[in-house]
Amino acid sequence: MLEFKNVSYQTEDGKEILRDVSLVIDDRFVAVTGPNGSGKSTMAKLIAGIYMPTSGQILLDGEDITSLSISERANRGVSFAFQQPVRFKGITVKDLISIASGKKISVSEACRYLSEVGLCAKDYINREVDGSLSGGELKRIEIAMINARGTKLSVFDEPEAGIDLWSFNNLIQVFRAMHERTHGTILIISHQERILDIADKIIVIAGGTVAAYGTKSEILPELLNAQAGCRFTKEVRD
Amino acid sequence: MDAIQKTLLEQVAGLHEVPEGAYSIRVNGQLYGKNDSVNISIVKKEDKPGIDIYVKAGTKNESLHIPVILSQSGLKELVYNDFHIGEDCDVTIVAGCGIHNGGSEASEHSGIHAFYLAKNAKVKYVEKHYGEGDGNGKNVMNPTTVAVLAENSYLEMETAQIKGVDSTRRKTEAKLADGATLIVREKIMTHGEQFAETDFTVDLDGEDCGAHLVSRSVAKDNSRQTFLSRVRGNNRCSGHTECDAIIMDGAQVTALPQIEANHVDASLIHEAAIGKIAGEQLIKLMTLGLSEKEDEEQIINGFLK
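For the record, the sequence lines run as chains A and B. Residue numbers for the first sequence follow this note's numbering, so the first one is 1 and each next one is one higher. Residue numbers for the second sequence follow this note's numbering, so the first one is 1001 and each next one is one higher.
Mixed in with the good hints there might be a few duds.
Per label pair, the in silico range of CB-to-CB distance [said to hold, decoys possible]:
id, chain 1, residue 1, chain 2, residue 2, range
1, A, H183, B, E1193, 46 to 56 Å
2, B, K1293, A, S108, 23 to 33 Å
3, B, R1185, A, S108, 27 to 37 Å
4, B, A1273, A, R76, 46 to 56 Å
Calculated from the structure, these hints are not laboratory results. Every residue, glycine too, gets a C-beta built ideally from N, C-alpha and C.
Model the full structure from these sequences, guided by the hints.
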C-alpha cells in the first residue's frame, strides 16, 4: 500500500507542480492519467525518491519513506521504469537484468524475462544497452528489468511512449499478464485508453492535484466523452 | 618464482604456471625461461636486450606468451622485441608487464615491440599493464609499438592498463600496405596522481587498407590523460579513430584526434568524447537497488570491459 499525505512539490525556481496531494493506492493495477504537464511524472519520481517533496509524507506499507534515498526505496520494494530508458556503454542486457534481480542469473532466467516482453532472448542477451538498440527495444528491456525485480510496487512512466503500434498491442498483453501475476501494486502513468481499460482504478491528475480517483467504470466514460476537455480537468481550470 | 612474481604473472598474462607452446618470460631484467615450438622460434638478441621472434609461414592457431615481471624496486630496463610473422599465419601473442614496487625508487620497463607481418598474416596481440606495491617508488612503463603490415595482413591489438601504473607514454606507429587492416582497442584507467599518454600515428599507404582505433578510458582522482592520434590517408583507404573518456574527481583529459587526407578517396573519421558519468545512469542503477559507489563500479567496469 502506498500513501501520499499532503504531498506538495515545487521546483527550485518556485514553480508548483503538485499541490497538497493525499491519496491511498492499494489496488493491484492503478493507472494515472491527465493532461501533459499536470504532474504525473513528478508523482512517479517522488515515489522513486528521484525528487523529494517540498512538504508532506510518502508511506509504503505504513512506513514513512519520505526521507529515504533512491537505493533505500528500491531495496524496500519500489521499482521505477523510466519514460526515457537510459543507455550504458559496455553494460549488456544480461548485466542489467542480473543487477535488477539482485543476483547472478542464468541465461535461461534472463531469457524468460525477455520473452515475457516479446524479445527473442538469444538476439538480445549479450547486446550492449547502448545506442545500437531502438527506443522500442529499450522500453521492453526496461519492463523486463522491472519484472526481474518482482517488487511489491512497480511504477511505469508512460511505457507506451515511443513504441510503435504493432509493439503496443504486445505491450498490452504484457501488462495484462503482469496484472494477473502481480502480488503487489502496479502503477502506470499512461494516456492510452487501452491501458486505462485494464486498470482496477484510475487516478486523474490535473493542475497538480487529484481531479478524480475511482474505478474504471466511474472514470473512463467521463474521460472519453469529454473530448473538448473533460469535466475533471475543467473543474480544476475553473 | 616467488609469490609476488606469480601474482604479477597471473595479472598480466592470466598464467598460473609456465604456458604451453612458445614462450619467453622475463623476470627482473633477466630471461627466466623460454621455449620454442616447432613453428615459433625465439632468439635472444646479441647486440641489445630483447628477443627476435620468428613465426614460420603458414602457422595457424598457435599462441606465444612473452610476459615481463619486475619485482625488484628501482630496476630500469629497455627491451627490444621484434616479431617476424610469416605469410598466411594466424597466431595470438600475449604480452604484458607487471611491476611490484615495494621500495622507494622508480621501477621502469620500456618495451619496444616491432611487428613485421608478411602477406595475409593475421595476428591478435593482447597486452596488459599492471602495477602494484606498497613503497613510494613509481611504476613507470613506456611501451612503443611499431607495426609494418604487408598486403592483406591483419593486426588486432588489445591493450589494457587498469591499475597501478604511475606514468606511461604509449607510442604506436603503423604503416599499412594494400588491403591491410589494423584494429586497436585500448583501455586505460588512471587514478591518484597518475599520468598516461597515448600517441598513435598510422599511415594508410596501401590501396583499400583500413584502420580502426578505439580508446576507452577512465580518469579518476587527480590523474591526467592525453590521447593523441594521427591517421594519414595516403591512398584509397578508410580510417577511424575514437576516444571516449569518463572523467571523475579532479582528473584532466586531453583528446587530440587528427586526421589527414592526402588522397581524394581517403575516407577518415574521428570522434572524441569526454564527460563525467551521466546522472541518469547513476539514478537508473540506484532504482535497481545499488548504492552510488556500486553504480560507479558497474558503469566503469562495463565501460572498460
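Comparing the hints with the structure gives:
1. A:H183 x B:E1193: 46 to 56 Å: About 53 Å separates the Cβ atoms of A:H183 and B:E1193, which means 46 to 56 Å holds.
2. B:K1293 x A:S108: 23 to 33 Å: 31 Å, holds
3. B:R1185 x A:S108: 27 to 37 Å: Once the Cβ atoms are compared, 31 Å apart, the range 27 to 37 Å for A:S108 and B:R1185 holds.
4. B:A1273 x A:R76: 46 to 56 Å: Taking Cβ atoms as reference, B:A1273 and A:R76 lie about 37 Å apart, which means the hint is violated.
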